[in-house]
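Enquirer: Protein chains in written order, with numbering that gives the first Met the number 0: chain A, 0 to 190; chain B, 0 to 190.
Keep in mind that a hint or two might mislead.
One-sided excerpt, in silico: chain B residues whose CB lies under 7 Å from chain A [to be verified]:
| id | residue |
| --- | --- |
| 1 | Asp78 |
| 2 | Arg83 |
| 3 | Thr165 |
| 4 | Asp175 |
Over the 10 Å line for every Cβ pair with chain B, so calculated as not near, a few chain A residues [what the hints assert, rightly or not]:
| id | residue |
| --- | --- |
| 5 | Asp82 |
| 6 | Glu106 |
| 7 | Leu113 |
| 8 | Arg116 |
| 9 | Arg150 |
| 10 | Met166 |
| 11 | Ala171 |
Keep in mind the hints are simulated off the structure, nothing from the lab. By construction, the Cβ of each residue, glycine as well, lies at the ideal position given by its N, Cα and C atoms.
There are 2 protein chains.
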Amino acid sequence: MTSLRHNESLDGPQDAYLDAARACILDVGWRRTTLTEVARRAGVSRMTIYRSWADMPTLLGDLMTREWTAVVATTAGTDGLVDRMVATVRALRANELFVRIVEVDPELVLPYLLARRGRSQELILTIAEEAIRTGQAAGEVRKGNPTAIARALVLAAHGFVLSAHTMVDDRASEADLDAELALVLHRTLAP
Amino acid sequence: MTSLRHNESLDGPQDAYLDAARACILDVGWRRTTLTEVARRAGVSRMTIYRSWADMPTLLGDLMTREWTAVVATTAGTDGLVDRMVATVRALRANELFVRIVEVDPELVLPYLLARRGRSQELILTIAEEAIRTGQAAGEVRKGNPTAIARALVLAAHGFVLSAHTMVDDRASEADLDAELALVLHRTLAP
């Protein structure tokens, strides 16, 4: 069984199968997306899909990792950790797969909130921790355990990805909250 | 139909019915807790329970509001908004009903993350916003829209309530993360 868990680069057919799964989830939601339906959309046999993923949860894990990794990659050109984190929060919130999952199958995000860090969360933590170490070496970021600082920033950002829209009304706009997030991150990192 | 939505103070029998529901949820989880079982445990008829709550979701809403409100009340003696927020985060994480829901019926928290603010979230926001206004008047808290500041603090705290344990290992302890939370809140509020 191959999987992004063992093989971080998916090229060729597997990538196309994930495209088929993504389209299916966007159309009918996760619960109604089966390996059979993914195979049908990809124009291959169920066995072909099954050779890559034993079941839909495994496939979904790889699809989410591919999608969120791509979102994080789109912000790679943003200068500075704070601006990149804010850009990543905004990009995740606007991502169509993310929006669809939150609307239709929100229970899919629970394991990554309550049970364990996902691969994309690890990626973001690694990027943040590296930027914090670099900033500390340059005297631009306060001293302290860079792992704890990075994890605290990501924990603080969770709510802004998942729940910002529940805090928006005529007394506080999304832009107000994003400005607050940038301030929180800036001040938290300042020497 | 009475409900905390309309009647914030529940005394006497309704309080005892919520106790019965709470014990049942702790025992068997939310999904297996029925109005019939709550009535049996409370030693009253199903109709008596039904007169207060049309269904289990309505009862659960009142139970959660009562429970989290009590948690927030236990931190009322803590001086300073930052220390009180950190104490509230720690108390929620340790609350047995909260732990049980997160372990057995985590989908119950999704509406309050993804759809709308719950009554206890409103209470916490009101307390935070009031403390921010007072601090601003005294020159101890930075200027800015106190509603947006309060909501950003609560959004930042969400991850520390729900997901801190997923970020704890030998590279960062819970105490490290709580110290980071206190620092985040302190620096965010500083003038």
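Enquirer: Compare the structure with each hint and give your call.
Expert: Hint by hint, here is what the structure shows:
no., hint, verdict
1, Asp78, "22 Å, violated"
2, Arg83, "18 Å, violated"
3, Thr165, "5 Å, holds"
4, Asp175, "4 Å, holds"
5, Asp82, "17 Å, holds"
6, Glu106, "5 Å, violated"
7, Leu113, "5 Å, violated"
8, Arg116, "5 Å, violated"
9, Arg150, "4 Å, violated"
10, Met166, "4 Å, violated"
11, Ala171, "4 Å, violated"
Figure legend: structure checked against the earlier numbered hints; hints not met, in rising order: 1, 2, 6, 7, 8, 9, 10, 11.
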